[in-house]
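So the chains spell out like this:
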Amino acid sequence: MTPTVKAILDKYEGTSAAVKGNLSRILMQGRLGGTGKLIILPVDQGFEHGPARSFAVNPAAYDPHYHYQLAVDAGLSAYAAPLGPLEAGADSFAGQMPTILKLNSSNSWATTIDQAVTGSVKDAVRLGCAAIGFTIYPGADKIFDMIEEIRALREEAEAAGLATVIWSYPRGGDLSKDGELALDVGAYAAYMAAGLGAHIIKTKLPTDHIEQKDAVAAYKDGDWSTMAKRVAHVRQASFAGRRINVFSGGAAKGTDAVYQDARDIRDGGGNGSIIGRNTFQRPRDEALAMLDKLVKIYKNEE
Amino acid sequence: MTPTVKAILDKYEGTSAAVKGNLSRILMQGRLGGTGKLIILPVDQGFEHGPARSFAVNPAAYDPHYHYQLAVDAGLSAYAAPLGPLEAGADSFAGQMPTILKLNSSNSWATTIDQAVTGSVKDAVRLGCAAIGFTIYPGADKIFDMIEEIRALREEAEAAGLATVIWSYPRGGDLSKDGELALDVGAYAAYMAAGLGAHIIKTKLPTDHIEQKDAVAAYKDGDWSTMAKRVAHVRQASFAGRRINVFSGGAAKGTDAVYQDARDIRDGGGNGSIIGRNTFQRPRDEALAMLDKLVKIYKNEE
Amino acid sequence: MTPTVKAILDKYEGTSAAVKGNLSRILMQGRLGGTGKLIILPVDQGFEHGPARSFAVNPAAYDPHYHYQLAVDAGLSAYAAPLGPLEAGADSFAGQMPTILKLNSSNSWATTIDQAVTGSVKDAVRLGCAAIGFTIYPGADKIFDMIEEIRALREEAEAAGLATVIWSYPRGGDLSKDGELALDVGAYAAYMAAGLGAHIIKTKLPTDHIEQKDAVAAYKDGDWSTMAKRVAHVRQASFAGRRINVFSGGAAKGTDAVYQDARDIRDGGGNGSIIGRNTFQRPRDEALAMLDKLVKIYKNEE
Amino acid sequence: MTPTVKAILDKYEGTSAAVKGNLSRILMQGRLGGTGKLIILPVDQGFEHGPARSFAVNPAAYDPHYHYQLAVDAGLSAYAAPLGPLEAGADSFAGQMPTILKLNSSNSWATTIDQAVTGSVKDAVRLGCAAIGFTIYPGADKIFDMIEEIRALREEAEAAGLATVIWSYPRGGDLSKDGELALDVGAYAAYMAAGLGAHIIKTKLPTDHIEQKDAVAAYKDGDWSTMAKRVAHVRQASFAGRRINVFSGGAAKGTDAVYQDARDIRDGGGNGSIIGRNTFQRPRDEALAMLDKLVKIYKNEE
Amino acid sequence: MTPTVKAILDKYEGTSAAVKGNLSRILMQGRLGGTGKLIILPVDQGFEHGPARSFAVNPAAYDPHYHYQLAVDAGLSAYAAPLGPLEAGADSFAGQMPTILKLNSSNSWATTIDQAVTGSVKDAVRLGCAAIGFTIYPGADKIFDMIEEIRALREEAEAAGLATVIWSYPRGGDLSKDGELALDVGAYAAYMAAGLGAHIIKTKLPTDHIEQKDAVAAYKDGDWSTMAKRVAHVRQASFAGRRINVFSGGAAKGTDAVYQDARDIRDGGGNGSIIGRNTFQRPRDEALAMLDKLVKIYKNEE
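Protein chains in written order, with full-length UniProt numbering: chain G, 1 to 302; chain E, 1 to 302; chain H, 1 to 302; chain F, 1 to 302; chain U, 1 to 302.
Next up, chain G with everything else stripped away, as it sits in the complex:
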C-alpha cells in the first residue's frame, strides 16, 4: 500500500479493518492504484433508462461482460452495477475487479421520486463485492425513508466488512431544477452522505448557482468562479477532505468536456470520476482511449 492510500485510510476512524481493506482494494486497483485517485465504471443506466436507450448505440454493451471487460482493460478502480448485471459476470471476473453492488434503482416510469431496493448486503457478500452503493435524493418527499433504508444497509454492510458508497443527488420537494446542481446544494448533499457514514461520496459537479436564500450569506465572500474551486468546496463539506469524493460525468458528451471535468476534479482535490454513459456509449476503442487519457489526467500526466 502506498503512503498516499494509507493516509486516506487513516482518515476513516471508527471503521473496521475489514472495511478499510475493501476501500484499499479499490484504491490499489488498476492504473490509478496507489495514487489516491480512482475511476469507477457504473452501469445502472440499463435499469434506470432502459436497455435500448443505454446500449443501442453500442450493442456490444447489452452484454454485462462487456462492462466488466472494459473496466479491466482500461485499468479502472471498480465496477458498480445492480444485482442482475453484476451477478452475470461474477464468476468470469471474480478477483479481477473490485465491484460495488448498487442496492437501489429507479426507472423511467417511476411515478414518485424514490428508488426501489433491488439487492441486499447478503448478495454483495455472496458476489464478493468490495462495497455497496445506494442513491439518496435529498430534498425529495421520500428522503427520510431513503435515509432510513441506507442507514440499515450501511450498518449491515459495516458488520459484513463492506464499504458504503452513496450517490447523493438532490431532487424533488421544494428544490428548483437549477437548484439540483447549485453549489450550496451539492455541498450539502455531500455533507449529508458523509453524515450518513458514506465512505465514498458521489455527487454531481456543481454550478455556481446558490439555491438557498439562507445560505447566500455563507457564500457571498467566496470565489466560486471555477469548477476546481467548487470541487474544493465539496471536498471541504465532506469533513474537510476526510472522505473520498467522486463526481459523475452525466450524459454522454464530447471528450474534451469529459477531460475538462477530470482536470477540474483533480485540480479541486477531488478523488476521481464515476463515469458510465460516456464510456459504454462510445465504441470500445474510443472509450479505452478516452479512459487512458483520463487516467493520465488523474496521474498529472496530461
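None of these hints come from the bench; they were simulated from the model.
Accuracy of the hints is not assured; some may be wrong.
Identical copies go unnamed one by one, so any copy, or any two together, can satisfy a pair.
To be verified - Computed list of lysine-lysine pairs in DSSO-like fashion (alpha-carbon distance at most 30 Å, straight line):
hint, residue 1, residue 2
1, 299, 122
2, 213, 253
3, 142, 122
Fit chains E, H, F and U to the given chain G structure using the hints.
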C-alpha cells in the same frame, strides 16, 4: 445433461449449484428436455379471473389434478400455479413434473394495480418446487413495493436453492394501453426482470410500437417488422441472451395463431412458451394435439 | 376413522399428518362424526355486532360457557370464536370439543372494510385448538392486505399442525350489494379461499344472480335454478370438491328456512353448516331441537 | 388467598399460573385485599394533559414518588403509570405496591385519535410490574391498528406472566359525543376488551343513552334507570362477570359524587374504581380521607 | 464520584448500573466534573442546516476533529453529533470525551415535520458512546411515530447500558409559532421526554407565554416573570427535579446574552447548557474564552 443445457446453465454466474440444479430439472424435463427450449403450463387464471371464466368451457379443468396430468401427458417442462392448486396435486404428482409456485396473484376485483403475496419460499420448499414465480407491473404506482417484495423472496429462494421466474408485465402509471405491448417497453420489462435476478423471464410478445419518446432514437435504425426480430431484441435486452426468456400466449385463440407465436419465439431465439388458457380452455385431446405440435415446432420439426 | 373421512383427508395433498389429524378431530367429532358432514358453531357476533344485539334475546348466551355447552350437548363438530370467548371456557371444556380460534374480527363501528387481527397461532396452540379461522373480504380495497395476513398466519398454522378455515365474504370495492351473494362471486370467493390454502371454506349460500359481465358467458348454459345446484357449483369451484365447504346461515330466521338451507347444502354435496345466530338467539331447548333436526338432515334421516 | 379471590381467578381459564399469580398480587393487596374489590391509582394525566394541568393544583404531585406513597398509604390495590413516572419510583417502592405499566399514551396536542406506544413488556418485566395497561379507542379510524398493537403486547405479556389491563374508551369515527358514554357503547367496549383477552377491563360509567339504532331493540325491554343496573349490564357484557371490571372516575369532582360512583359500582357488582385526578388533585389529607371512605364503601361499611 | 453526582444518580431508579455509569462519565467529565452541572457541545447543524451555513463563518469547523478538540480543550462534559461526524474522530479522541450519538436528524429541505433515523444503538456501542440522542417534535402530526422510534431505541440503549438524551422541541400541528417557546408547552415537552424515559432532557428556554387555553388556570397564580423561575418550573415538570435538564442556546448571539442564559439556567436549578452554534461559529479563541466563562458561571464563580 446435454451440451446445450450446460451452455445455458454456464451463463448463470454467481448462482449456486442448487439453483442451477433446479433450472436443469426444468430444462431436462419432458419432450423438450435437453434442447434448451421449454414449455411451461401456468394455471393462475382461476385466481386471477375466477374459476368459471377459466374452467367452465372445459369443466374437467376445475380439478387441479387435470393440469398436472396435462403437463405430464404433453411432456411439458414445468407446471406453475399458486399455492392452493399446486398443493392439491403435490403428493399425486411428486417427482413427475417440476413445479413453480406462483407467489403473488391479483384478482378480477382488485382496485389497485398490484398483486397480493399468497405463498412463501417455505411453501415452495415444502412442496418440492423447482422455482418460485412472481409478477411485477413495471410502470405501476406500486412497482417499487413489488420490486422490494420479489427482492426479498428472490434472496430467500436463492438461499433455499430455488430458481426465480419473473412475470414482467408493464401496466399502469403513465403507460398507455398500446404501450403495455410496445417493443421498447417489453425489452425494458425483460431487462428489469433480469436486473432483479430472475433466472427465467416471462414477458408478452411485443408489437412494433415504440412507447417512450426518449427511446425513439434508439430504435429508429432497427428493423422491427417481424415478431422474430422483436423477440430477438427482447433476448438482447435480457443480458444478450444470458437469461432464459419465455413468452406468454395471452387469451385463448386459434391454433394457427398459437403455432405462429411459437415459430416466432423460436426464430427469434426465445426459449419457449408459457401457455395456459390456450391449453386448458380446449378439450384435452385438442390441447394435447396442439402441445404436440408446439413441441415439434420448438424441436424444429414443424 | 371411517372410509368417508379417510377419503376426504386423502384429498389434502401436500399437507402434514398433524394438520390432517386436526381435520379428522373435527370430522370425527359429535353426532356427525365419520359422515363427512359437519356443523360448526361460530360465536363471533359478540365482537362483530356487540353483546346486546347478539345475546340480549337469550341472556344466558352472555356467558361464553353457554356456547361451549351448547356445542357439546348438540353433538356438533367444532366451536369457533375469537380469543376472549374461546379462552373463557378453555379449561372447562378442554378435550370435549374441537375449537377454531377466529384470528380476526371487525366491529359495528369500523370505518373501513377490513378486520383487525385479534389473536395468534401461538394462542391457538396454547388453547389446544384444532384450527385457526380468518375472514377475507374479496373485492374490498384492503383485500391484498387481508390476503397477506392470512398467508402468514396459514403458514404459521401449518407449521404448528393446525388446520385453516377461511370465511370468504365478498364485500366492498366495485361489488354491488346484490353481487355479494351472486353465484359467480360466491364461486370465485370459494376458489380464492382454496387458492390461499384453506382446508375448510366458509361462504354464504349464493343467489342465481351473476355479477360480473365477463362471467356471463361462462354461466349462460348452466342451470342455476336451485340452491342445490348452486351449492354444487361452489363445490366444483373448490377444486372439484377437494376441499371442505361449509355455508353460513346468516341472520336468525324461521326453522323451516334453516332446515331448507341444510337440505340444499346436503343435496348440492356441501359438507355442512356453520350456524351461529340461528342457534344462540333461540332458547336453548329450541336450539337443541333445531340442531337435532339439522344433524338428521345431514345424516339423510330427514 | 381468600375464597372470593380464588373464585375470581378460577374464571380465568386458559391462563397461566403466572398471570393468575399477578392478578392475585393485585387482588390481595392493600385494604381491599381478599375482598374481590380493588382501587387502582392511575397517573397518566401528566402525559395526557400535561404536568401543570395535572399537578399545579397540588404541587407535591409533580414528584412521581408522591403517587406511589399515596397508593401505599391509602392501602390501594395497584398503581398504574407510563414508563417514566413508574421507573422514577421503581427502587424506592419495589415490593410495596403492584404496578401496571401503561404502554401507550396520547397527549393534548395529538392530531389523530390514537395513542403512541411508549413502553414495552420488557420494561414491565424489568420494573417488576404485575400487569401491562393499554388504551383502545373503539370507533376510531385507527382502532384496527390499536387492536393489533395490544394483540401483540398481550401475547408477549402473557408469555412473560403479566396480566393485561385494557382501558376501552369509545371515541371518534361515527360515534356521537353522547354516544361515547352510551350504555350500549360502554357494554360493547367492555366486550371488545374481554374479546381481546383483557384480564381487567376499564371503562367509563355509562349513561342511559342508547347510541346505536341497531341496538335499540335489544335494550328496549330493560330497566336502565339506575347506574347500578347499567354497571351490572357492563358486567354481563364482560363474559357474564368472568372478567374484572373497574370504572374510571373522570375529571375531578365533589366527594359526594365520587362516593356515589363507588356505591353504584359496588351495587352493580363492579369490582372497583380506577381513580386518578380525584385523588392527586386534592390535598393529600383530603385524598386519603376520601380513599378511606371509598375503601369502606367497597367493604360495605358505608 | 462526588456526593452531588451520587445524589443525582440515585434519583435514576429502575436504571441499570451500566446506564448510571455512563451518566457519571458525563457528570464527572471536564471542568464541571462532579458539580452536577454540565455543558454539552452538539454539532448536528451541519446535517440540519447544511455545512456552509454552519461552518463557513469559521472554516476550521468543517473538520469534525475541530469540535472534538474544542470540547476537550474547553473541558466540556460531552460531545454530541450524528454518525458521520462522530465516527470521523472516534479513534483520535477515544477516551478523551464522552460522546452522544444523535440518532435522528432533519435537514433544511424536509417537507414534513419529522426527522430521519440516521444511526443505531449498535453504532453507539461500536463508537464507545456514553449515550444516544434523539429529537421529538411534540405537537407534530408525526409525533406518535417519533415516540415509537425513540421507545424502541431507548429500550435497546438501556439493554446496551447507554443513557438516553431527548431533545424535546414542540413544533407543528396546532401549535402556534409563539407557542413553541411557551412556558406551558416547554414544561409539557420536558415532562413528555421524562415520561418516555429520557435520562437527560434538552429543551429550549421558555418565554412567559401560555399557549394552551386549558392550561391558563394552572399558571394564573404563579410568578413567571423571570427566566430562572421558568427554568425552575421546567425542572419541576421533569419529575420534580429527578431528571437532568439542559437547555439549548439557540442561534448565535452576543456573549452577554449567552452568559445571561447560563445564569438563568443555574439560578433556576437547571443542570446546564447544550451549546453549539454559539461556540463553533465564533473564532476558536473567543469560543474558548466564552466557554471558560460559562464554566465559571455554572461553578458560581461569575
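Status of each hint after checking the structure:
1. 299 - 122: neither (35 Å within a copy, 40 Å between copies)
2. 213 - 253: Classified as between: cross-chain Cα gap 20 Å, same-chain 32 Å, threshold 30 Å.
3. 142 - 122: both (25 Å within a copy, 25 Å between copies)
In summary, the structure is inconsistent with hint 1 from the numbered list given earlier, while agreeing with all the others.
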